[in-house]
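Could you put the whole structure together from the sequences, leaning on the hints where they help?
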Amino acid sequence: MSELEELLRAKARQLLAEGQVQQVIGYERGTVPLRARPCFVRDPEQVERLVWNPHCENNLATYLHQADGKVAIVAKGCDARSIVNEIVERQVPRGDVVIIGVPCQGVVDRRKVEELLDGRDAFDGQITQGHLVIHGTDFEESVELQAVWNDSCATCRHRNPPVYDILIGELVEAEDGEDVFVAVRELEAKTADERWAYFSSEFSRCIRCYACRQACPSCYCPECFVDQTQPSWFAKSDELSDVMAFHLVRAYHVAGRCLDCGACARACPMGIDLRTLSRKLQKDVRELFDYEPGMDVEAAPALGSYRQDDSDKFIK
Amino acid sequence: MSNWTLDKSDIAAFLSDLGKEYRVFAPVRRNDLVSFEPLDSGEEADLGSGNSDVPPKQVFFPRSETLFTYEGGEVTAVPLEEESRLIFGIRPCDAAGLVVLDQVFNSDDYQDPYYTRRRENTVVIGLGCDRPVSTCFCTAVGGGPFAVEGLDLLLTDLGDRYLVEAVTERGQALAEGNSFLREAVEEDERLKAEIVARAEQAVSGPSTEGLKAKLDVMYDDPFWAEVHQKCLGCATCTYLCPTCHCFDIVDESTRGGGRRVRNWDSCQFTLFTLHASGHNPRPSGQERMRQRVMHKFRYFVDNFEMVACVGCGRCVSKCPVNLDIREVIEAIEAS
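These protein sequences, in sequence, are chains S and P.
Okay, so the first sequence: first residue is 3 according to the numbering used here, each after it adds one.
Okay, so the second sequence: first residue is 318 according to the numbering used here, each after it adds one.
Simulated from the structure, these hints should not be mistaken for laboratory data.
For every residue, glycine included, the Cβ atom is placed at its ideal position computed from N, Cα and C.
Check each hint, because a few of them may be wrong.
As the list claims (entries may be wrong) - Just a few of them, taken from the derived set where beta-carbon distance is under 8 Å, the chain S residues facing chain P: (1) Thr33; (2) Arg37; (3) Phe42; (4) Asn60; (5) Glu117; (6) Asp123; (7) Arg207; (8) Ile209; (9) Tyr212; (10) Asp240; (11) Arg268.
Claimed, not checked - So these bits of chain P aren't anywhere near chain S, every CB distance computed over 12 Å: (12) Asn320; (13) Lys325; (14) Gly336; (15) Ala394; (16) Asp425.
Following this line, the structure appears as structure tokens:
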């Protein structure tokens, strides 16, 4: 058990034992090698389940709006920003959530690990000195963590939770300077036909399992537009036009709200590039309204407020 | 039934040759995902990647299927597929999944013409599973890495060649006239026995012995409220399951015409079996999770005397939150 885990468990135990919260939403060891997964702890005796490591890939903020009572939630930089977003959007009262902030260096992309293993089956792994050491029945492989970070972690500029009630560990140095929108600029440089071809190819793999929507903390509509049947806005078949309509409308629906935590892309079982489109909108919102979602609980959301000096170029 | 061998160096040519007579489906890797696709050439087949990411059920039961179209009061049925097809490289767990689907779509009470026609028209050639992974649990649900249920021919990887065994008359007939196959020798069968023993040993899983009896009395158990918590409510587990078969039929109408489509549906969706009145018999994740487990391990056993799970492990490895059906089974068994 790491020092951070020890701190985390002690805090969780205290919060539960003192009745400050009804449950702690955190991570536990997964059943699949090299995975951690969400867990819900209500009993102070159960805090030993809690873990903290670079496999803690889920954005737990997605559970927040369905939780009853007061909850404490373990939050990386992006997760904390999602929580802030939910507070800003009046989905969760600030007083009902205790944010256990954990500065984050990145989370491991299990698909990159799978690719690296090329069919070999891992049964365990450890993180040591910036490396992921993977054990299989007849091999041991060490890989630099940098090489297997999620793409969204590689461009993350908010490793520290901007808002927290309890901080576990020390704040990490923020990375800055590099253009985080390189991929978006590449997309923008393409012709409309090329962009259409790219997204058609990506979204044609979609099986409409809606894992992206379900994993997204900003997708909390009680009834999603694709689930409405009277009237039905979109057909439910695998026709590309319908699949595309779902993804385009979803991207617009999270515009100004998506903070690129990457939970959608990690959840997608088909490995679809779900981030590029949302990031294009993220970049637009930043340029048009100088707004970054999830940084401040007092902020007025970009698309939910009006300023005299708003850029209104798009209707000129 | 007889045995043959097939040189690995001949595989592409063997498949291309079969392509003259059949529409051949085999595992193909695209965008780092392996799924069963119709081949243009034998070279496209990827047989070394373990089990496919997407199960082959869609070859028989597509995600969306037009049943008929209508225009101005005229209804036009979509003709049933008549082509001869062959699916190559299917794993024994997925082939067992076809046997599960057969119960539903080709029972004494009801025969689904779309599914049954495709099944009748398709030769099924399996590839034994010599490298089971940690999420595999076929042996716990009545299968095995070299089980032959649902197959016409079974292949075993012997290194530089495959051992080819006929399981059905249809498989025998296909193999007998094939110029790429040579008669197997005793050594080939001995090698296979070793491989099978090793593979079977590598698979583990929860016991399912008392599961049905437990589930029979667990409908209102508080267990369901606990177990579903981390579930996000997506359809990854059901859509990537080789046995899940729920579907929804909708009319897609445009002015003056339209089509009736059958789409996959998932018990994990809020919309699943939502009544027109607005009443939802499964209003929360708790009831939906119960439905998934009950359908696989209780209702299906009641109806067809088999479980609707083949232990392929996709729902375990693909679940975005690692909700593990093996663990759910263990918890029920231990309750």
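Structure-based check of all given hints:
1. Thr33: Holds. Min distance 4 Å.
2. Arg37: holds, 5 Å
3. Phe42: holds, 5 Å
4. Asn60: OK, holds: S/Asn60 within 8 Å of chain P, min 6 Å.
5. Glu117: Holds - the Cβ of S/Glu117 comes within 8 Å of chain P, reaching about 7 Å at its closest.
6. Asp123: holds, 4 Å
7. Arg207: holds, 7 Å
8. Ile209: holds, 5 Å
9. Tyr212: The hint holds - S/Tyr212 has a Cβ within 8 Å of chain P, the shortest such distance being about 5 Å.
10. Asp240: holds, 4 Å
11. Arg268: S/Arg268 check passes; min Cβ-Cβ to chain P is 7 Å, inside 8 Å.
12. Asn320: With a cut-off of 12 Å, P/Asn320 remains clear of chain S, as the shortest Cβ separation is near 27 Å.
13. Lys325: The claim stands: P/Lys325 keeps its Cβ more than 12 Å from every Cβ of chain S (closest is about 16 Å).
14. Gly336: For P/Gly336, whose nearest Cβ neighbour in chain S is about 24 Å away, the distance exceeds 12 Å, so it holds.
15. Ala394: holds, 18 Å
16. Asp425: holds, 31 Å
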